[in-house]
Each structure stands twice: as C-alpha cells, then as structure tokens.
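**Q** For reference, the chains in residue letters:
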Amino acid sequence: MNSEYKFPQTLRAGIVAALPEETSQHGETPQAGHVYLPSTHAKALHPNNTLIQGMRGSGKSFWFQSLQNRDLRALLGVQVGLDADTRVSVGFSPASGGNEYPSKDTLISLITAGYEPRRIWQAVVFRQVIGDQAPDEFRGITSWKDRIDWVVNHPESADQLWYKADMQLDEQKQFHIVLFDALDRTADDWLTMNKLIKGLLQVVLDTRSFRRIRLKVFARPDQLDDPSVAAFPDASKVMNQKVNLDWPRRELYGLLWQYLANNVEFGEPFREGARMVSPTIQWEQIGNIWRVPEVIRSDEELQKKLFHAISGPWMGKDKRRGFPYSWLPSHLGDASGEVSPRSFLAALRFAAEDKVRNEQEYVLHYESIKRGVQEASAIRVRELQEDYPWISKLFEPLRGISVPCPFEDIRSEWLKNNIVTSLRNGIQDASVRLPPVHIDNGEDGILIDLLALGLVEQLKDKRINLPDVYRVGYGMGRRGGVKPLKG
Amino acid sequence: MRQSENILFGDALDLALVVVREFGTSLADEFTLVRDLRGRIRVVLKSKPENVDNLKMFEAKISTSLGVYGFGSGRSVVFADELSERDTIFDDRRLLPSLNGLNIYLLDRQIIGQDWMRNALNRTTTNPRVTFYGIKGGVGRSTALVNWAWHLAEQGKKVLVFDLDLESPGASSSLLPTSHLPDFGIVDWFVEDGVGQADVIEGEILGKSPLDQGLAGEIYVISAYGSKTGEYLPKLSRCYAEFSGNAPISWAERLQRLVERMESLVNPDVVILDSRAGLHDIAAVLATRMDADTLLFAINTPQTWDGYSLLFKHWHNHPRVRAFRSRLQIIASMVPETNRDDYLKSFREHAWDLFRDHLYDSAGPDDSDAFSFDLDDETAPHAPVPIFWHRALQEFNPNVGGIDTKTAAEALGIFFEQADRLLASAGQD
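Going down the list, the sequences are from chains A and B.
The letter at position 41 of the first sequence is residue 43 when you use the working numbering, and the numbering goes up by one with no holes.
The letter at position 349 of the second sequence is residue 1563 when you use the working numbering, and the numbering goes up by one with no holes.
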C-alpha cells in the first residue's frame, strides 16, 4: 500500500485554485480550459441532434454559450461536426437579444394577440437563417408581429429563400444552427410555455427536411413532460431522438481532471503526479489546452487509483465505509442517482478548503470530503431554487422533520402553512413563477412534481424519503433507532 | 383463563421499574434488579438504607406489585454487602436507561441467551474471520459458503472452515465428503476438553477438502463430527458445558480457544464460521463475540424480517452495539430470476427499516459522522449483496463435477466481490 503514489499536500491549494466557486456562469463564455466534453454530450452537440434534454445544472447553458464561440467550436472539433465557421445564432435566451429574437414580454403579447407559436418560431428562425439575404421589405420590418405576418403572407418567397439558403450552406459544407435555451423564461405559466414549446418542436420537425439548417433546443425534462407538448402529428420523430445530458461517474471525474490539469499554477504538478500514478497517463496539449487522456476518461479503475492518490483509499477510519471514488458521487445523487457537475466540483473545493487534520496523510481527508458533500448540498439546493423558485416555500416548513416519514406528516405541515393556497395566489409573483405543474391536485399533485424532479423518493409502502443531497440541504434529519454519541 | 390481575413475564420488569422509580433516590441511588431463571425479580441494593420504614414500604410494594413474579415481603430486597457472590452480580449486570440521575441495572439470569449481550472475547490470532448466519435455514447459506471458500482458494488463499451448525451438521459435507472425514469433529473436541484433554485429539479433527485440487490455495475444514465420533447425540448434549477440565469457563471462551488453537495450527488467510440458523447461543457468540464480520443471509419474506426484527431489537440494547454493528452485512440470498430489480428494491427497503429502526443512529442534517445511511447507500450494512437464484445451485453438489465456474460467476459474482471487499478492509486494520 505505502509504495503507492500520494500527491503532495500542496495540491490542496491547487484544488481550491482550479475549481470554480459556486457562482453560476450564466451568460458568460466558458473558458477554453474548462471545456470538457463527456461522450453523450458530444452526441448532443452534433448539428443533427436538435432536442437536448438535461436537468438543472447538467450543462445546457454551458453548451449554449460554448457553441456561440468560434474558438470553442474549433476546440470541440470535427468529431462533433463543428468547426469555427459553423454558423450559430440564437433563437431564444433569457439574455436580452435586442431585436434579434423576441423577449418574454414580446412572446406574451404575440400569444395574446392570437399568433400561433409555430408561426412565431418559424419567423424567428427565418430571420436568423435568411438574415441579410431576405428581401429589403422584410429586413426593414422592426416588429415581430409584422415579421410573422410577412412570412405567413409570402409563403412562396419564403420557401424559395429557405431553399436557397439551405443549398448555399450545403455548398459551403456548413451548418447553420439556431439555439434555444432557458425555455422556462419564455412564459410565466405552464399553459403558455407548453404551447410555445410545442410550436418550437413543430418547427424542429419542419426543418428536418433541410440539409444544413438546424435548430438546437435545450430543455429540462419537466418542460417536455406535458402530453400537450407533443400533441402534433409526427411529434414522436422529434421526441424519440432527444439526447440526454448525463453525468455518469467517469465523466464527473473526467471533468475534475480537466480543471486540475489546466490550472496555470498547479496544472503541471497535477499532471506530473498523474504520470506517477500510472505511466499510461500521457498528457497531450492542443493549443494551450491540456486534453484529459482517454485512459482516465473511460477506465474507472485507473480513475479510482488517481483519485485515491488524492483522497486515500477509504471513506473512514474503520475502512468499511467504501471507496472515496464511488462514495463521493453517490452521496451527491438525487433520487434517480443523477449528480450535478457543479455540486461535484463544489464538494471537492470545499473539502480542500477544510481544516487540515493532525497526521493527515492525503491531500483530502475523508472527513473533509464528508464536509464538502454537506456544503455542496446547499449549492445544489440553491441551483434548483433558481429554476423552481417555489421549492423553498415547500421545504421551509419541513425543516427539522426526519425521513423516512409518511406523506401525511408532510401534508399536514403544508396544510398548517397554507402552502397550496399561497403558491396559487402567488403565481404572478416572481418568487413562484411557473408553479408546480400539478398544483391543481393539491398536496398530492405537488408530491408528483417533487418525485418527477428527483427531489424525493417514495418507498413501496408510500413513505417519503429524501436523498441525502436534498435532505441535508433542506435541514432535515434521518430517523434511526440509536441516539448518536455526543462529541 | 387470564384475569386482568394476572401478571405475565412481560409485565413484571416494567412494574418493578415503576416501584423503583417511585421510591427512587429516597431509598438508594443505585438499584440492581435480578431476574432469576423463572423470571422472578428481586432488588439488590448496595447496602441497607438508614430509613428502615421507607425500606419496609418499598419491600411490601414491590412484593405485591410483582405477584407471582416477585418474592414474599422480607425476601424481595437483598443487600450486596451481605452477599457472597456480589462480584458476579455487578459484573454481568447492564444499565437500563437512566431517569433523573437514578441508576437502575438489570442482571438477567438465563440458561441460554446471555451470550447475545456479552462482551467480545479476546483473541491472540489476527486472521480475518467471517461468520455466515441466517435467521432461517434453507436460504442458500451453505451453498454460498462452499462457493466462496472455493473462490478464495482459487485466488491462492488458505481457508479454514468451522462447521458450527452442530444441531444439524452437514454443511461441511459439500466440502468434506465422507471419504475425507477426519477421525473426530467439533463435538469430540468439546467433550474431551470438558475433561481437560482436548489436545489429545486436536491433531485429528482437521479435514482437508478435495475441492481445492488444482487450485493455488487450500481449504481446511473442521466438521461437526468425524468418522470415529460414534454416537453423536450424547456428545452433542455435553458440548455446551461451561467448564474445561476442572476450571469453570464459559462456552464462548471454550469455542474461542478451539478456533484460536486451530488457527495457530493452520495459519489461514481467512476463517469462515458457519453458524447455525435461528436465535441460538452459538449464533450469538459467532455474530457478536468472535471478532468476525457477519453476513446475515435473508430472503424477502415477512417471516425473515420478523425474525431479524426480534434479533435486532435485542441488539438495540447491546452494550457493544456501536462496535459490532459496522461489521454486519445483509446478503440477499436466492434472488429470483424474474423481476430482480423490483425484488431487490423491496428487499432493500425492508433491510433499511430493520437496520434504521434498531442499529443506525438518528441523524440531524449536520451529523456527517453519525452511523446512519441513506436508502441507496451501497456501502451500508443494509445494502443487499445479491446472490441470484440459479437452477444449478439448487442441485448443487461440488463433489460431483466440482464447481461450475460459469454458474458461480453468474449467481455469486457480486457476492464474491463484496465479500472480498470485507476481507480486504478487515486485513487493513
């Protein structure tokens, strides 16, 4: 055992320096050194894949931003069917797009005026793709209503322009991809949002016949769940090819290596240490970016060896609590076992910031890793809060409750605090916006939504449990028959 | 027919506690309740209290309260400083949950059942030990044992198996066919040890399994009986005596001696203790006192969980529960071929409730070091290690055709992996 390589204690500072603080990088272009491409994500980035599904924090906005950047497209490279010259424009984003695409308020007014969502998005894509090649009379239009009307009223001209643009792209062997992100910001209520998403998916279907014009829609699972979203002919052709932005364990570690290897100050000692762990780990630099070698992307045994050179081989003194390599992601998983990469990196950063213990042998002490997981719990909770502002209202009254418990215990807390009524009344309120989908079914409906989000799980006898990452984050306990020893 | 005033065994202790708490520190600051073999309870105080009237009232009250489970007034309270055997009383008693600074102990005198609550035994050997236990029989425990022994030998390990299912011996027959039986077995060792001459036959109880032929490692077996054991029952009934030669010594310590002596003879990499099923004292010793990791074999039936629940309730009050609970591991044996995931999900939830209710700590949101595990935690004692049902295992007889590697890998692959992990961690200490 002792002959195995251990990273020097200085790597602790390296971890703190290399891993990001919790702040979301919304709207910012990612740094090239942080771009790590998990294998399922590579598929998602390919122009031919138009519907990309991912839970909160899975990287939708990260890729949305990356795809818009020439250098990053070049870095991601040909294996995903992209290069610097690939044309990319934005069809919707919460960031203000000037007049490039309609804002939420514009969308609402269009819907209120009776415009069909499919027509709205069609006009958006038309404007992005046809752009300067559109006739002057279209280019002169400044309002979205008039743009939609023009496209609707000039079907033949529009068809010709579509065709011409597609042929031109094909000659240049280039795709034009129109990106759609943060669809929850298109509306304040589910009915309108579902209509808009349905319309968007219809346009996805319409553009399938083009060779080089593509949409890429980033959506959360709950945004695609409602049956009304897919209620149009051939919707299954769109839905069946959706790609999920998963983060299996080996990709989380791949991401970690990416950050560590590319840190300016500590990258070299990390890479050198990795070579000491195994000479099969050969680093290669492309431009000024270090690529994570394939062996420590896919070989979990080697990943484990490398991580254990940082963390030590066990998650406890009694050596029965399992391996840090598997312990860490499994304690950050939601009810479906999914881990958000940000909470994974945050847990390690916190662990590295924790106090150093007496006779600490490794860079990260297992107690620090446990602390890190607890802290990361709060990050995951905050992350979710940004997308589902109503969640805190539901969990605030549950603080102090222990799980597993009958749903009745939770229901009675909600009843006591008038949760359903206050959520219903507060729908216009920014703190609620897009309330739980099934709120009309009262507490039972909310439970359905929480289950779908992976926030809670239900046992076979109907009792409710919260996976640790949320239980800790929401300040809840776990039932047990033994009183823990103090101190 | 039972009348409402009839006091049953289960009521007596609670009634006695009510009276003791009523008098409490006005009488003494420490009480020891001694429950005899028939369940009758009397109170031991350190010495006679000054206030004689108070004492008399207490005696009368406890005597009438306990009915047939009490002693007549005047005999219901005794004083330790007047007893000849006071030491054993204070050694074996255990503390009941205290109330308002009042210390109440219980000394439970039982014929059997006490081994469940006693301390771990000291040992001089260091090799890892693994106990195979099932609350019910017929759940594939022995099959798993034989296959694991073979798997370890295949890795070049030296394995020593004790067949301690003395009441229904034969687990070892898969490892030791009749032709390979040594002259004597465990029952013979206990009988001879009873008169102080175990060493006379110690060299003749070690069997060598033919199953290790062609493997890098070795499998040794100490079986319940040998070819010269002769009549089994008269020997079995004498096994449990609590003396060795002329020295009084608990049965558990005698067993420890047997295991240690054979360990120092064979020098094994792993010792496997095959426990008998149920709530027998042998099982108690093997699970809680032998410094072994214990594999709890279970199938997902109400009977299994009810049985384990009885056992775990008892363990809940064990003075050393914090020491041995981390060395338990549940095994999901005979997982059916169909709907495996669903079966294991249900199994996992039952096992979680069982461990959580009795052995896991309650944990607040910030208690990261509590002994408490989430439902899906794969490193938890309650996380089922599956052994899949396989036709070939049902008709399993390794003496005919040896072990089928493919069957073993399919049915027992995950079990091997996890059991090996336990060994690896045990060896790290």
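Source of the hints: derived by calculation from the structure; they are not laboratory data.
Treat each hint with caution, since some may be false.
What the hints assert, rightly or not - Below, a sample of chain B positions facing chain A; criterion: calculated Cβ distance under 8 Å:
id, residue
1, MET1271
2, GLU1273
3, SER1277
4, THR1278
5, ARG1570
6, ASP1571
7, ASP1575
8, GLY1578
9, ASP1580
10, SER1582
11, SER1586
12, LEU1589
As the list claims (entries may be wrong) - Anything over 12 Å on all C-beta distances counts as not near chain A; from chain B, calculated:
id, residue
13, LEU1227
14, ARG1254
15, ASN1317
16, PRO1391
17, GLY1428
18, LYS1527
19, PHE1569
20, LEU1573
21, SER1576
22, ALA1597
23, ASN1611
24, ILE1628
Since the model is a prediction, treat every value here as computed from it, not as a measurement.
Virtual Cβ for every residue (Gly too), placed ideally from N, Cα, C.
**Q** Work down the list of hints and note, for each, if the structure agrees.
**A** So, going through the hints one by one against the coordinates:
For MET1271/B, the suggested interface contact is broken, since its CB lies about 35 Å from the closest CB of chain A, more than 8 Å. At a threshold of 8 Å, the smallest CB-CB gap from GLU1273/B to chain A is about 35 Å, leaving the interface hint violated. With 8 Å as the threshold, the beta carbon of SER1277/B stays out of range of chain A, its nearest partner Cβ sitting at about 35 Å, so the hint is violated. With 8 Å as the threshold, the beta carbon of THR1278/B stays out of range of chain A, its nearest partner Cβ sitting at about 35 Å, so the hint is violated.
Interface restraint check for ARG1570/B: the shortest CB-CB distance to chain A comes to about 5 Å, inside 8 Å, so the restraint holds. Below 8 Å, beta-carbon pairs count as interface contacts, and ASP1571/B has one with chain A at about 5 Å; its hint therefore holds. Hint status for ASP1575/B relative to chain A: holds, with the closest Cβ pair at about 4 Å, below 8 Å. The restraint placing GLY1578/B at the interface with chain A holds, with a minimum CB-CB distance near 5 Å, inside the 8 Å limit.
Checking ASP1580/B against chain A: minimum C-beta separation of about 7 Å stays under 8 Å; hint holds. About 4 Å separates the beta-carbon of SER1582/B from the nearest beta-carbon of chain A, less than 8 Å, and the hint is met. About 5 Å separates the beta-carbon of SER1586/B from the nearest beta-carbon of chain A, less than 8 Å, and the hint is met. Look at LEU1589/B: its Cβ gets to within about 6 Å of chain A, closer than 8 Å, so that hint holds up.
Every Cβ of chain A is farther than 12 Å from the Cβ of LEU1227/B; the closest lies at roughly 20 Å, confirming the non-interface assignment. No Cβ of chain A comes within 12 Å of the Cβ of ARG1254/B; the nearest lies about 30 Å off, and the non-interface call holds. With a least beta-carbon separation of about 18 Å from chain A, ASN1317/B lies farther than 12 Å from that chain, consistent with its non-interface assignment. Listed as a non-interface residue, PRO1391/B keeps its Cβ farther than 12 Å from every Cβ of chain A; the least gap is roughly 36 Å.
At the 12 Å boundary, the C-beta of GLY1428/B stays outside the reach of chain A, the nearest C-beta of that chain being 29 Å off. Its beta-carbon lying about 9 Å from the closest one in chain A, LYS1527/B breaks the requirement of being farther than 12 Å from that chain. Annotated as non-interface, PHE1569/B brings its C-beta within 12 Å of a C-beta of chain A; the closest such distance is 9 Å. The beta carbon of LEU1573/B is not kept farther than 12 Å from every beta carbon of chain A, the shortest such distance being approximately 6 Å.
With a least beta-carbon separation of about 4 Å from chain A, SER1576/B fails to lie farther than 12 Å from that chain, contradicting its non-interface assignment. Distance check on ALA1597/B: its Cβ comes as close as 10 Å (rounded) to a Cβ of chain A, failing to clear the 12 Å threshold; non-interface status is violated. Non-interface call for ASN1611/B relative to chain A: holds, since the shortest CB-CB distance, roughly 35 Å, exceeds 12 Å. With a minimum CB-CB distance of about 14 Å to chain A, ILE1628/B clears the 12 Å threshold, and the non-interface call stands.
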